[in-house]
Amino acid sequence: MDLLELPWLPEVPASFREDVRSLRRAGAASMVDLRRLATHRLDLTQLSLLARVCAQASGALGERSLRLRILSNGTQDLVVSAVAATAPRHGLLLDVSAGLFGNWMHEALDPGSETARARPQYVLLALDWRAFDLAPCPGDTSLAEQRVGAALDQLLATANGLIRHAGCQVMVQSLVEPASQMFGSLDAQVPGTLRWLVQRFNRGLCERLSSGLLLLDTAAIAAQVGASRWHDPGLWHLGKFPMSTRAVPLYADHLCRVVMASRGLARKCLVLDLDNTLWGGVIGDDGLAGIVLGQGSAAGEAFMAVQACALSLRERGVVLAVCSKNNEAIARQALREHPDMLLREHHVAAFFANWQDKASNLRAIAQSLDIGVDALVLLDDNPTERHQVRHELPDVGVPELPDSPEHYATLLLAAGYFESVQFTADDRSRAEQYQNNAARKAESGAASDIDGHLASLQMVATLSAFDAVGRARITQLINKTNQFNLTTRRRGEPEVAGLERDASAISLQVRLTDRFGDNGMISVVIGKVDGDDLLIDTWLMSCRVLNRGVERAVLNELLFRAAARGVRRVLGWYLPTAKNALVCEHYAGLGFSCAERLATADGEATLWALDVATFQALACHLQVDQTALEAGPQAGGLMAPASALDAA
Amino acid sequence: MSITRVEILAKVTEIVQDQLDLDALELTADSIAADVEGWDSLAHVRIMIALEQAFGVRFTTNQITSTENVGQLLDMLQSLV
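So the protein sequences, as listed, match chains A and B. If you're matching positions, the first sequence starts at 0 in numbering that gives the first Met the number 0 and goes up one per residue. If you're matching positions, the second sequence starts at 0 in numbering that gives the first Met the number 0 and goes up one per residue.
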């Protein structure tokens, strides 16, 4: 399997040359047309043919195309057309130009240069080791360090100057060391050899990369295909071409991936076929005992590697889905019960096993996850399925796969669908979040009766008095909740802290979990006891959990506490604002009656009253976990003596 | 199965047409680069690279720079394929 050939892309069709020419004659290529054509293994000639149509489209679809300027110490003509033609493969339209070779510093920093005037969105500093003074000086450590430092300073000063003056995104490259050595295995250890200098430079570059700079890691790409195939000294001598022509298509692809990722266009979801993709054989025919998966055979291990690859992608934020022509129960059973299965049901955010065509299923998967079809990648061993999907949904990434599974994982990763320019904590939990959302969405779609739906959510509300642990979040909710907020009374953290110790207050923080996950703290209630009355001065809730009956459970608890304190009447104001019309009938819905109406600048304020003695607990589909309540207001989680509860 | 000189010329013509964006270009053994619009030194390298890929051959730097007309190019290709 040769990565230089971009083996995950389908072979170029015989009609390619004619297709491109007719698009050119018609003069009106769409992004879909361009993407379809670009998504093949194209050689340099084919790329340059396609580049002309892309340039034509760039002109027509003006505002959608991005300008990329390449500044280099080498001749970039081959790269320019390769990149322009490759861009539509990644959903981009790039208007690519190059400065004269060797002139890169001047082009970058002179405000009158063609680069400055072109106002590109991206500038690539395509520099190799020959651009800098990295003359070998084996054995002279301080000179070696100095040379590397100076080279890095030169590169970064140029890059930062560009960002400042041209306001563009700047991409820099790591250096590919030449495919030869001074000593042999000693080169990396002797300061001042070219290998040492290049490796030091690349390390220093990673360390000094600041935000605003994008890295195209040419050193890594060249390592994957072999430095001896990356370099072509003959071409350099011939016309300062910096790399072998055979490497240009792959280089162009990686470049486009980084641009694509920096624009947030990277794929989000890996959709997996099951039979002969995640295991050998057909589960419907072979059964659990018959499918090939596990340590016993080369094929079994290869399929485990595919599953492991999917799981590690999930761990870095890629959502997993299943799309299989199978009986759903049988398919789910395989994931649930096979002992060697690494991928389990709970890893899958969308599970579509049926007999419909895959394109329809992919659309449904995208919808269930609230993402675009262009965010999907389909891994499927069946060439007919792949062909059908590519034809109907050209925006879905469908890697070409060989007949046997040992290269599936490598190919999937090599294709770079999930290229990323950052990795945050949010990314790590992304798969989980999508899963929860999808599950909730599916449930609310499937349930035809509300009660059945609510009951099936298996909600558990945890009510506790204010404590130090919840303080920050309570304060946050008090200050940012606007819609489901009866009085919009704001308080700072010190006031909230004070309520923790206030014996005349009944305060509740409410957390909610359901079958799909933890919603965190979603409601806050504050009431003050005044003689026989409990006046609710704050009642707010997160809109994420509307219509679930949470407020009924809260009211039940409030009344219970009030009764325990000898309160006879519970009162609550609704103070209208521009944003809280949602809750004007909140108290009415809970059985309160209106005691007073007051005209205010923002509308009619209403006071509501409920008699404690005649109150009957309201039915709701929530389980209430009260263990935290038993602890009392001062405890903050520790068990306090029961007498602390019944303050008079 | 060996490829004839006529077939080689046809393929070379197609490639030069594509590289120079000249759909109607015709080449003969006597054609020289100077006579063809756009066939400068950079285009020449691109054409030679495209020929390498199309015929599955590798030229030396010398071979790339020393061919004087299309006829010599055809001779070279015939000896390599």
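Don't take every hint at face value.
Claimed, not checked - Short derived list, chain A residues pointing at chain B, Cβ under 8 angstroms:
1) Arg51
2) Asp76
3) Gly238
Rather than coming from a laboratory, the hints here were simulated on the basis of the structure. Positions of the beta carbon are idealized from the N, C-alpha and C atoms, including for glycine.
Against the structure, the hints come out as follows:
A cut of 8 angstroms between beta carbons decides the hint on Arg51 (chain A): the least distance to chain B is about 7 angstroms, and the hint holds. Interface hint status for Asp76 (chain A): upheld, as the beta-carbon distance to the closest one in chain B is roughly 6 angstroms, under 8 angstroms. Using the Cβ-Cβ criterion of 8 angstroms, the hint placing Gly238 (chain A) at the interface with chain B is satisfied: the shortest such distance is roughly 5 angstroms.
The earlier numbered hints are all upheld by this structure, with none contradicted.
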